[in-house]
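Trainee: Work out the full structure: start from the sequences and follow the hints.
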Amino acid sequence: MNIGQQVRTVYIEPIEEPPMTETPVRLEPVPDLLPDTRRQLEPTHDS
Amino acid sequence: MIPDRPDRVPDSIEPPVGYRAWFFTNVRGASLRPIGGRPFSNSAWEGANRGWVSAACPFGGREKLDYPPDSSLDHPPHVIPGEDCSCGFYAMKVLSCAQQLTMELQCGPDLTLGRVELAGKVIEHSLGYRAARARIAALIPIRGNERTAKRLAESLGLPLDPAILRWSSPEGLPPAA
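Residue numbers (numbering that gives the first Met the number 0), protein chains in the order written: chain D, 0 to 46; chain E, 0 to 176.
Simulated from the structure, these hints should not be mistaken for laboratory data.
For each residue, glycine too, the CB sits at the ideal point set by N, CA and C.
Don't take each hint at face value.
To be verified - Example chain D residues on the side facing chain E (calculated, C-beta under 10 Å, incomplete):
#, residue
1, M0
2, Q5
3, T8
4, V9
5, I11
What the hints assert, rightly or not - Simulated crosslink set (SDA-like; lysine to any residue; CA at most 20 Å straight-line):
#, chain 1, residue 1, chain 2, residue 2
6, E, K149, E, D109
7, E, K92, D, P13
8, E, K92, D, T8
9, E, K92, E, I12
10, E, K92, E, H124
11, E, K92, E, P75
12, E, K92, E, P108
13, E, K92, D, V29
14, E, K92, D, V9
15, E, K92, D, G3
16, E, K92, D, E15
17, E, K92, D, N1
18, E, K92, E, E82
19, E, K92, D, L26
20, E, K92, D, R7
21, E, K149, E, R114
Mentor: Right, dumping it as structure tokens:
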């Protein structure tokens, strides 16, 4: 295969994609540890 | 890390794209053989449909050099592809050049074109590339040969690019699109 004259040399390091998992993993629901802010957001009738 | 230049960072993370042709067999499993390669020898392209494969060199080329280099060898060791060697994976820069090659060789139906990605040490030439690593991104069917190309692509687990016209002009010019 004739590819002509050499021009330059470069170094390529492609970023590999992470391997695919064979079976989807079900994630456990994580409890929300933040305090319930609804009570704090109640109207204060402060006008 | 870059094998022969540990002090150098890669020039790019984007693999250059090239085009080339292979002879194929689809009898006992699909396999691709470079044009000009020995008929029944193992091809370095074996497995390039699934991921990166590395080129080999019969003249002392290695993926990385041992230090100090062994000076007793007939051929001085070099990193593949060597500037003074002809080793490495070959690909043309543009599809029409790979297409023209198939016409010049008057290749038959056991020939397929493909789009490849190149990595590692890559020597850019005026018309193409030589590279240390390669993988096949897609096969390119030639008009009239789509069914065979589709079967081959399915066997290799590769996508198909749009079909191209077969070159028929003796001047090497493609027919009008």
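Trainee: With reference to the structure, classify each hint as holding or not holding.
Mentor: Hint check:
At its closest, the beta carbon of M0/D sits 5 Å from a beta carbon of chain E; the interface hint therefore holds under the 10 Å criterion. Checking Q5/D against chain E by beta carbon gives a least distance of about 6 Å; that is within 10 Å, so the hint holds. A least Cβ separation of about 5 Å between T8/D and chain E falls short of the 10 Å threshold, and the interface hint therefore holds. Using the Cβ-Cβ criterion of 10 Å, the hint placing V9/D at the interface with chain E is satisfied: the shortest such distance is roughly 4 Å.
At about 5 Å, the closest approach between the beta carbon of I11/D and any beta carbon in chain E falls short of 10 Å, and the interface hint on this residue holds. The straight-line distance between the Cα atoms of K149/E and D109/E is roughly 13 Å, inside the 20 Å bound, and the hint therefore holds. Between K92/E and P13/D, the direct Cα distance comes to roughly 19 Å. Compliance with the 20 Å bound is thereby established for this hinted pair. Annotation: proposed proximity of K92/E to T8/D holds, straight-line Cα distance about 15 Å (limit 20 Å).
For the hint pairing K92/E with I12/E, the CA-to-CA distance comes to about 18 Å; that is within 20 Å, so the pair holds. Of the supplied pair hints, the one linking K92/E and H124/E holds, its CA atoms being roughly 9 Å apart against a limit of 20 Å. A threshold of 20 Å between alpha carbons decides the hint, and for K92/E with P75/E the separation of about 29 Å lies outside it, so the pair is violated. Taking the CA atoms of K92/E and P108/E, the gap is near 23 Å; set against the 20 Å cutoff, the hint is violated.
Only pairs whose Cα atoms come within 20 Å are accepted, and K92/E paired with V29/D is rejected, the gap being roughly 51 Å. For the proposed pair K92/E and V9/D, the alpha carbon gap of about 15 Å is at most 20 Å, so the pair holds. For a cut-off of 20 Å, the pair hint linking K92/E to G3/D stands: about 11 Å separates their Cα positions. Pair hint K92/E plus E15/D does not hold up; C-alpha atoms about 23 Å apart against a cutoff of 20 Å.
Pair hint K92/E plus N1/D holds up; C-alpha atoms about 12 Å apart against a cutoff of 20 Å. With a C-alpha separation of about 18 Å, the suggested pairing of K92/E with E82/E holds against the 20 Å cut-off. Pair hint K92/E plus L26/D does not hold up; C-alpha atoms about 46 Å apart against a cutoff of 20 Å. Straight-line distance between C-alpha atoms of K92/E and R7/D comes to about 14 Å, which keeps the hinted pair within the 20 Å bound.
With a CA separation close to 15 Å, the supplied pair K149/E and R114/E stays within the 20 Å bound.
Hint check: violations occur at hints 11, 12, 13, 16 and 19; the rest are consistent with the structure.
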